[in-house]
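Protein chains in written order, with my numbering: chain A, 1 to 485; chain B, 1 to 98.
Be careful, since some hints might not be right.
The calculated lysine-lysine pairs, modelled on DSS-like cross-linking and capped at a C-alpha distance of 25 Å, are [to be verified]:
hint, chain 1, residue 1, chain 2, residue 2
1, A, 395, A, 380
2, A, 282, A, 395
3, A, 414, B, 40
4, A, 237, B, 75
5, B, 40, A, 380
6, B, 13, B, 26
7, B, 75, B, 89
8, B, 40, A, 266
9, B, 75, B, 40
10, A, 266, A, 395
11, B, 26, B, 5
12, B, 13, B, 75
13, A, 410, B, 26
14, A, 380, A, 282
15, A, 395, A, 414
16, A, 414, B, 26
17, B, 26, B, 40
Source of the hints: derived by calculation from the structure; they are not laboratory data.
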Amino acid sequence: MSELWQLSATEIAMRIANGEISAVEVAEAHNARIEALEPEINAFITPTPDIARAQAKAIDERRATGAPLPPLAGVPLALKDVICVDGVRTTAGSRILDAYVPPYSGTVVHMLADAGTLLVGKANMDEFAMGSSTENSAYGVTKNPWDLARVPGGSSGGSAAAVAAGMAPIGIGTDTGGSIRQPASLCGVVGMKPTYGRVSRYGLIAFASSLDQIGPFARNVRDTALLLNAIAGHDPKDSTSIPDPVPQYLDGLDAGIDGLRIGIVKESLSEGTQPGVAGRFKDAIETLTSLGGEVEEVSLPSFAHALSAYYLIAPAECSSNLARYDGVRYGMRADAPTVSEMNARTRAQGFGDEVKRRVMLGTYALSAGYYDAYYGKAQKVRTLVIRDFDEAYQKFDILVSPTSPTTAFKIGEKADDPLAMYLNDLFTIPSNLAGAPAISIPCGLAEDGLPVGLQIMGPLLSESLLLRAAFAYESARGPAERPPL
Amino acid sequence: MALTKEQVLHVAKLARLALSDDEIEKFQRQLSVILDHAEKVMALADDGVPATAHALPLSNVFREDVAEPCLPQDKALSTAPESEQGRFKVPRIMEDPT
Numbered sequence: 001m002s003e004l005w006q007l008s009a010t011e012i013a014m015r016i017a018n019g020e021i022s023a024v025e026v027a028e029a030h031n032a033r034i035e036a037l038e039p040e041i042n043a044f045i046t047p048t049p050d051i052a053r054a055q056a057k058a059i060d061e062r063r064a065t066g067a068p069l070p071p072l073a074g075v076p077l078a079l080k081d082v083i084c085v086d087g088v089r090t091t092a093g094s095r096i097l098d099a100y101v102p103p104y105s106g107t108v109v110h111m112l113a114d115a116g117t118l119l120v121g122k123a124n125m126d127e128f129a130m131g132s133s134t135e136n137s138a139y140g141v142t143k144n145p146w147d148l149a150r151v152p153g154g155s156s157g158g159s160a161a162a163v164a165a166g167m168a169p170i171g172i173g174t175d176t177g178g179s180i181r182q183p184a185s186l187c188g189v190v191g192m193k194p195t196y197g198r199v200s201r202y203g204l205i206a207f208a209s210s211l212d213q214i215g216p217f218a219r220n221v222r223d224t225a226l227l228l229n230a231i232a233g234h235d236p237k238d239s240t241s242i243p244d245p246v247p248q249y250l251d252g253l254d255a256g257i258d259g260l261r262i263g264i265v266k267e268s269l270s271e272g273t274q275p276g277v278a279g280r281f282k283d284a285i286e287t288l289t290s291l292g293g294e295v296e297e298v299s300l301p302s303f304a305h306a307l308s309a310y311y312l313i314a315p316a317e318c319s320s321n322l323a324r325y326d327g328v329r330y331g332m333r334a335d336a337p338t339v340s341e342m343n344a345r346t347r348a349q350g351f352g353d354e355v356k357r358r359v360m361l362g363t364y365a366l367s368a369g370y371y372d373a374y375y376g377k378a379q380k381v382r383t384l385v386i387r388d389f390d391e392a393y394q395k396f397d398i399l400v401s402p403t404s405p406t407t408a409f410k411i412g413e414k415a416d417d418p419l420a421m422y423l424n425d426l427f428t429i430p431s432n433l434a435g436a437p438a439i440s441i442p443c444g445l446a447e448d449g450l451p452v453g454l455q456i457m458g459p460l461l462s463e464s465l466l467l468r469a470a471f472a473y474e475s476a477r478g479p480a481e482r483p484p485l
Numbered sequence: 001m002a003l004t005k006e007q008v009l010h011v012a013k014l015a016r017l018a019l020s021d022d023e024i025e026k027f028q029r030q031l032s033v034i035l036d037h038a039e040k041v042m043a044l045a046d047d048g049v050p051a052t053a054h055a056l057p058l059s060n061v062f063r064e065d066v067a068e069p070c071l072p073q074d075k076a077l078s079t080a081p082e083s084e085q086g087r088f089k090v091p092r093i094m095e096d097p098t
């Protein structure tokens, strides 16, 4: 019989609803798992065992009254520490917010509580979600559960590692350039970036506002669909959120992909892709073909240029968003005789290396005389990326690529080479620029024994289709491999 | 393009970052490499291509002008490093004239 921490979200919710197990037992099993593994993994900045226990108790009491339970009742959840929870320290992985206790909760926090989830902890991340390895966290790197000498990816590395290691069956991350999909790939779990605006960002600490999106992590596609349903929807408090109604993502999940037109992005088959990644991707294509998918290569010439546009757009937006950390309204304050010196010293002491680098880059790209040459041009390249996608979707229903060109790399390996680190996001960034949804699902292990992710991309609001394709693939391939923990 | 030290200092001032000499030297080098990489690609976008600021066809999102509950003053001030009489308190704004 499986341990409680091995169960999927679907199974936990079902067994609690049946009365086979209690929510408190589930909370304690995961709290214990976190306590045992945290010294090695460091997936959390702030574990919240008491909150999980209290939420579990409320679920058990509700069940005892015979009242119907919400869809994720009693399911433990890891929440990326970039989303505000009223009364719970929220750092965004930064020293500058080390003592920040938000006076309000984000919309998704309310929705997740209403759905019955148990908050087991605030998960580690690259500072302000800038990074692809969690090495930029002010609270230490998270270790990959598959190999403790390697990174879990990032920026949502803590959430991905927690889900992979059985500290929680589901997690929440944010994805600005691949920050859900890339760590999902490197940790061997499912991660989805929904359409921009599908999930409210009220209460999310902003990085790049035209790109940021909240999304789900899970160990299988069904749980991913359940969790997406719990957080998707319009929110009057977020003017960028989409008013369209939210479908039931479980409906038609098992309808298969017979006749689906699938485009392989030619630009993702470059020489820079690790042979083991290319090999597993090829296997995945065969599986999709055997399921009735009509697979063909398609060229998106701007795919390779999206990275450069992103690394001007995201820093420009971040330099503007992070101007709020001035030592006045929240966060740390350095001592200084005047307010302008206080601002500059606070930011110098509070921000880490990568955040400073991007604030500098973005400030430069927006400064007088350079705006048109950098930010303006990057926004035009963004249009080219969108046009390439639009054209591809004339002929194809979905597009596929590897999620990341490599498997998990060693801690420290790319830390001193920003450009090499940025290349991690080569295949994930185009979907962010287009605002479109994309999912990463495990597709086997590479020659180094580490997990590889298959990325499935679709047009705006095609979440149901992506989940259906991912579910068909997952069902054909069988359950994903689990780390040896 | 290679950034000069003066440019880096100017940007640091605009960004309100009190950088160390080591950081200035490092960012001068690293930002030049990143910008070089970006410039190659930027050449693709000619004047005929419109800019995209936002990927969704959403604009001018309005609501009725009706007041709704918001954070009370004491909660809004609860995270401030320093506050006084219901206000955020900061160090002196004017430089010392002497």
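Are residue 13 of chain B and residue 26 of chain B close enough, with their CA atoms no more than 25 Å apart? holds, 16 Å
Given pair status - residue 380 of chain A, residue 395 of chain A, alpha carbons within 25 Å: holds, 24 Å
Between the alpha carbons of residue 414 of chain A and residue 26 of chain B, is the straight-line distance 25 Å or under? holds, 16 Å
Quickly compare the C-alpha distance for residue 380 of chain A and residue 282 of chain A to 25 Å and report which way the hint goes. violated, 33 Å
25 Å Cα cutoff - pair residue 40 of chain B, residue 380 of chain A: holds, 14 Å
Given the hint that residue 13 of chain B pairs with residue 75 of chain B, test it: the Cα-Cα distance must not exceed 25 Å. Not satisfied, since the Cα-Cα distance of roughly 32 Å exceeds 25 Å.
Can the restraint linking residue 75 of chain B and residue 40 of chain B be considered satisfied, given a maximum Cα separation of 25 Å? violated, 49 Å
Would you mind confirming whether the straight-line C-alpha gap from residue 26 of chain B to residue 5 of chain B stays at or under 25 Å? Holds, at about 10 Å.
Just to be careful, I want the Cα atoms of residue 75 of chain B and residue 89 of chain B compared with a cutoff of 25 Å; is the pair within it? holds, 15 Å
Tell me if the straight-line CA distance from residue 282 of chain A to residue 395 of chain A falls inside 25 Å. Roughly 21 Å between the alpha carbons, so the hint for residue 282 of chain A and residue 395 of chain A holds.
Are the Cα positions of residue 266 of chain A and residue 395 of chain A separated by 25 Å at most? holds, 15 Å
Regarding the pair residue 26 of chain B and residue 40 of chain B, is the alpha-carbon distance no greater than 25 Å? holds, 22 Å
The structure shown violates the earlier hints numbered 9, 12, 14 and 15.
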